[in-house]
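Participant: We have chain A; now place chain B onto it with these hints.
Here are the chains, one letter per residue:
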Amino acid sequence: MDEKRKILIIDDEPDLLKVIKNRLESWGFEVFCWATGAGAVKQVLEIRPHLIILDIMLPDINGYDLCYKIKKTPEISSIPVIVATAKQEWQEDMGDIGRFAKADDCIPKPFEPDVLLDKINRLLNK
Amino acid sequence: MAQVKINIIIAGAGQKAKALLELLHSHNAIRILGVVDKDSSAIGIKYAQKLGIPTASDYQRFLSQNEVVEIIDLTESKDAREELGRLSNGNTKVIDSRTSIMEILLQELNNKTSELEKIRAELDIQSWGLQKTNEGIRTLYKELEKKNEELSKLDQLKSDFLSTVSHELRTPLATIKETVSQIRDGLLGPTTPRQQEFLTMCLENIERLGRIINNLLDLSKIEAGKTELKRKLTDIMGLVKRTCMTFSSRLSSKGLEIKITFPPEAIEVYLDEDKIIQVLNNLIGNSVKFTKQGFIGISVIDKGDFIECSVSDTGKGIREEDLERLFSKFQQFGQAVDPEEKGTGLGLAISKGIVELHRGKIWAESKLGQGTRFIFTLPKYNSRQVLKERIADSLRAGLRTQELISVLVFELSGFSALQEKLGRQKAGSFLNELARILEEGLSNRERIIVEADAMFSILKETTKAQALSLKDRLLSCGTEFLKKNGLDRETAIAWRVLNFPEDGSTVEQLCADL
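Which chain is which? The protein sequence lines are A and B, in order.
All residue numbers for the first sequence refer to my numbering, where the first residue is 1 and numbers rise by one.
All residue numbers for the second sequence refer to my numbering, where the first residue is 1001 and numbers rise by one.
Read the hints as simulated data drawn from the structure, not as lab findings.
We put the CB at the ideal spot given by N, CA and C, even for glycine.
Some hints here could point you the wrong way.
Partial list, computed: chain B residues near chain A (C-beta under 7 Å) [unchecked claim]: (1) His-1167; (2) Ala-1174; (3) Thr-1179; (4) Val-1180; (5) Thr-1191; (6) Ser-1299.
Just chain A, same shape as in the assembly (with noise of 0.2 Å):
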């Protein structure tokens, strides 16, 4: 077996984020979790996630914008970006919006646990 694969969820909701983390180590992945926008790309280049899980609506920046950041960065430029978020109108406009911020891919909340993994997987086994 190979080392386990790891995901960084960012995230200001602890109790989602304690969930999801049960979540996602239920199907083997190592989780990391961070809760605000600040600090969120060193944690990035310290952590080199194999996929990070990115909440839109963080409380000090736009998750775009930090997704933009994170496309930015060479050295971990390349890691796949799931959008996820609770807000209607960003829901409708994900597809847009996430394409131009350049995330991989994105997901409404609340969500199924199988659209979650089959999103993972796909983006992991690229």
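Facilitator: Chain B in isolation, oriented as in the chain A frame:
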């Protein structure tokens, strides 16, 4: 006005005489017979000559036996005075510039002054009125501005509220849903079958709550005029077929049949696929829900300018008095055949909103005990009409809060040829890619909206000149992009720049020659 004519001779032609001539020569109560001075080069003589008034070195030719002549004495020397004294008799008066003529002038002046005063008083009243009106207008303006500000704040608040509510409700819901499903899935330890049954029920209700939130927000957005259609040329029959497919398992498990009636020729309509699917899902879902046996009939009819879609069923029907209320919010009629399929009571209201956004109509016909038929129409707009309408909608929304707006329109000429060359899908994504590139040239807040085979951007607080220079910049980016893709021969980018209020003061005027 003075009626009397006074004949005068001006004696002496110095600086004073000149001034007097200037003052009197056009006065209609005074006739200047002449100017007398020994010095024929005096300044007053020259001036009199210029005015066409006779001049002389003595008085004889100006004096008359029959008429009264007044000699205005402006002479300086003693000799001249003496001479004037000798002239004075019954008809000839010598005055030293203070008597009757001055009276007349004074009288005149008085008249004029009182007239002037009257006029001034009137003007004062008028200007006072104007001032008041001005003040009134200014106050009104201020009030309008305030109201406008309040309205746009309210508008913003409303849409902020919507998105906040959606976010605030969904976030805990996401945690609850994920927690419950993890317990049910056994991630947190084993559960009994009975626990699992209850947890499943719980999840179904979470789903339902999610649906209600979604529907509520959909509807609020439609009502607030915040819903934007993403219209694409779509094969309507294909869309209906695909939607029907998603019902196949539910239909077969209920033993219901589906009957589809399509015209022989394919019909393509500009529509928002997701939204029309939402309408179809709703109508078909309702039919399935309320029908025990029989069939669901779906038809598409080409009516020339528009298409007519209908979904009919052999359910129990709706009472005539309920038909009107059908499309209102939170109206639920009758017991659904399947108790587990609880609706939100918002589906038809949303459907109505969506169809009307497409400028179509929706209604229902029903016979109690025989079934119900829902019909909606969609106009067959061409790409130009779709673009025009979309720009008009965006402008209308913008003009609610802005006083200066420019619209930038880009169009790919020969887009249909491009579609043939690349295929529709690829041509579409090419257009989107072009839009993305153009959007990078805009400031943060502005967006490019792709509609049919064109795209546009609503630029707030932008003058025509600013819009034109922005257009130049974007156009060169776009043209370069076409070249890079080797498509600059097939197609070119055409553009239009419209400005409010420069090019028109209403949305209709602005969009008229698009």
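Participant: All hints are to be evaluated individually against the structure, with a verdict given for each.
Facilitator: Going through the hints against the structure:
The closest approach between the C-beta of B/His-1167 and any C-beta of chain A is roughly 5 Å, which is under the 7 Å cut-off, so the hint is satisfied. The restraint placing B/Ala-1174 at the interface with chain A holds, with a minimum CB-CB distance near 4 Å, inside the 7 Å limit. For B/Thr-1179, the interface hint holds, the least distance from its beta-carbon to any beta-carbon of chain A being 5 Å, beneath 7 Å. Checking B/Val-1180 against chain A: minimum C-beta separation of about 10 Å lies over 7 Å; hint violated.
Evaluation of the B/Thr-1191 hint against chain A yields a violated restraint, the C-beta minimum of about 15 Å exceeding 7 Å. Taking 7 Å as the C-beta cut-off, the interface hint given for B/Ser-1299 is violated, the closest approach to chain A being about 30 Å.
Figure legend: structure checked against the earlier numbered hints; hints not met, in rising order: 4, 5 and 6.
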